[in-house]
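> Each chain, letter by letter, is given below.
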Amino acid sequence: MYILVVGGNRISRHLARDLLREGHEVTVIEKDAQSCSQIEEELGEICLQGDGSQVFMLEAAGAERADMLIALTDADEDNLVACQVAKNSFSVRRTIARLGNPQHKALFEKLGVDIPISTSSLILEHVQEEVPTHSLTHLTELEDNEAEIVAVKMLPNASGVGKRVNELSLPPDNLICLLIRKGEPPFIPHEDTLLQADDRLIASTYPETEEALMLALLGDASHQ
Amino acid sequence: MAQLLDKEGHRVTVIDAVAASLRRLDVSFTGTVIAGDATDEEVLRKAGVGESQAFVAATQVDNRNILMAQIAQHIFKVPRVICRIDDARLGDIYEDLGLETISPAGSLTQLMKDKIVE
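Which chain is which? The protein sequence lines are A and B, in order.
For the first sequence, the numbering used here begins at 3 and goes up steadily by one.
For the second sequence, the numbering used here begins at 40 and goes up steadily by one.
The shape of chain B in the complex, shown without the other chains:
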């Protein structure tokens, strides 16, 4: 997703706690990469989250996504925050709390169902 946004000309910063996974980004990626803990306000501040127009929490751990997304939303007042939550019931709770959530499994199921009933 970072690469897609980058190709479309957006300014993209990727934060990952594991420096090695940042190397998986394509060489053509022109954005910024930061190795650090994205649930740490200082790391987010240095990454420029305060000036960003959108924040996507997309790690594989629901609770970490929820924490960093809410920091972006409530502390840095990022206008658009999207949070990946795999657990459907947890996703519903946070939708009710005003967080925009996405579930990969849910989206995939929906897509496949749409193909079938097309």
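So that you can see chain A by itself, here it is in the shape it has in the complex:
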């Protein structure tokens, strides 16, 4: 693939190196001359100096034949504009943007950024996973049908503890795919599998059925 990386910071440098190693063609666009030469010293002549959110820079970088653009600058507005211009002027198929402000996620998605990534949200999810009151963790979203894969931790006071899988009133089209229990290899739960405290369930659900799933598994404990 031909991949454009906008912004030449440390993340970009590591990413570009890995992408090159995987056999992709990469161009990094970076404003700062010094960062540019640092990238070129390490990775060869793959850096263009300039503002990667400007139309003519993207043109100069060959955006019209790029398969993907990854915007990693420190400024959300620059990342958004780079992605929007790439998509709408150069028909770049896939765009990924780094978000400084996690609140911008919904907007970016709406405006055609395929994958907005907020570092702080990612870290927050890991923190929430550690804190027992946050018993649901989003693992991934399945793009094609809007389903999502979540992990649910069975709190000791969850209503589902001591119940069999077929006794739970799961929302329609929700599925418990995997059960992770301490000291055992993960397994696919059967209808008559008995749930225990501290089990972790990997389930597929939808944004609108997430709450109902939590209620089915945890009961009142889901509101803690």
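Fair warning: there could be bad hints in the mix.
What the hints assert, rightly or not - For lysine to any residue, the following SDA-like pairs were computed, each having C-alpha atoms within a straight-line distance of at most 25 angstroms: (1) A:K33 <-> B:A97; (2) A:K112 <-> B:V100; (3) A:K33 <-> B:I132; (4) A:K107 <-> B:S142; (5) A:K112 <-> B:R63; (6) A:K112 <-> B:I121; (7) B:K85 <-> A:S122.
Please keep in mind that the hints were generated in silico from the structure rather than gathered at the bench.
Guided by the hints, dock chain B onto chain A, whose structure is given.
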């Protein structure tokens, strides 16, 4: 522009990240001034953008204008959003995407040309 609208009796709120530039407003200005980052949804919400009839993004930085204008348009559903974009090619792209844009340089050129061929 804020002062002109204010004089005409509209309710105007000015948001600027630099508190000092807010002091450049004339003493006769009766509107609200807010120091804050207008690309931050919280700042915009507190400024009452959700209830506003028009939003103008007029900083000197194209990309910031584009971000805040699209927040006003898509998140707060402001009926009229106008976005200053100096780069003509960028302006065209966002016109195509449904944003109403204005370029100071473009407008000035047009004005001068109109004077000449008057």
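> A separate judgement is required for each hint: does it hold in the structure or not?
Status of each hint after checking the structure:
no.: 1; hint: A:K33 <-> B:A97; result: 24 angstroms, holds
no.: 2; hint: A:K112 <-> B:V100; result: 22 angstroms, holds
no.: 3; hint: A:K33 <-> B:I132; result: 22 angstroms, holds
no.: 4; hint: A:K107 <-> B:S142; result: 28 angstroms, violated
no.: 5; hint: A:K112 <-> B:R63; result: 36 angstroms, violated
no.: 6; hint: A:K112 <-> B:I121; result: 19 angstroms, holds
no.: 7; hint: B:K85 <-> A:S122; result: 23 angstroms, holds
Checked against the numbered hints given earlier, this structure breaks hints 4, 5; the rest are met.
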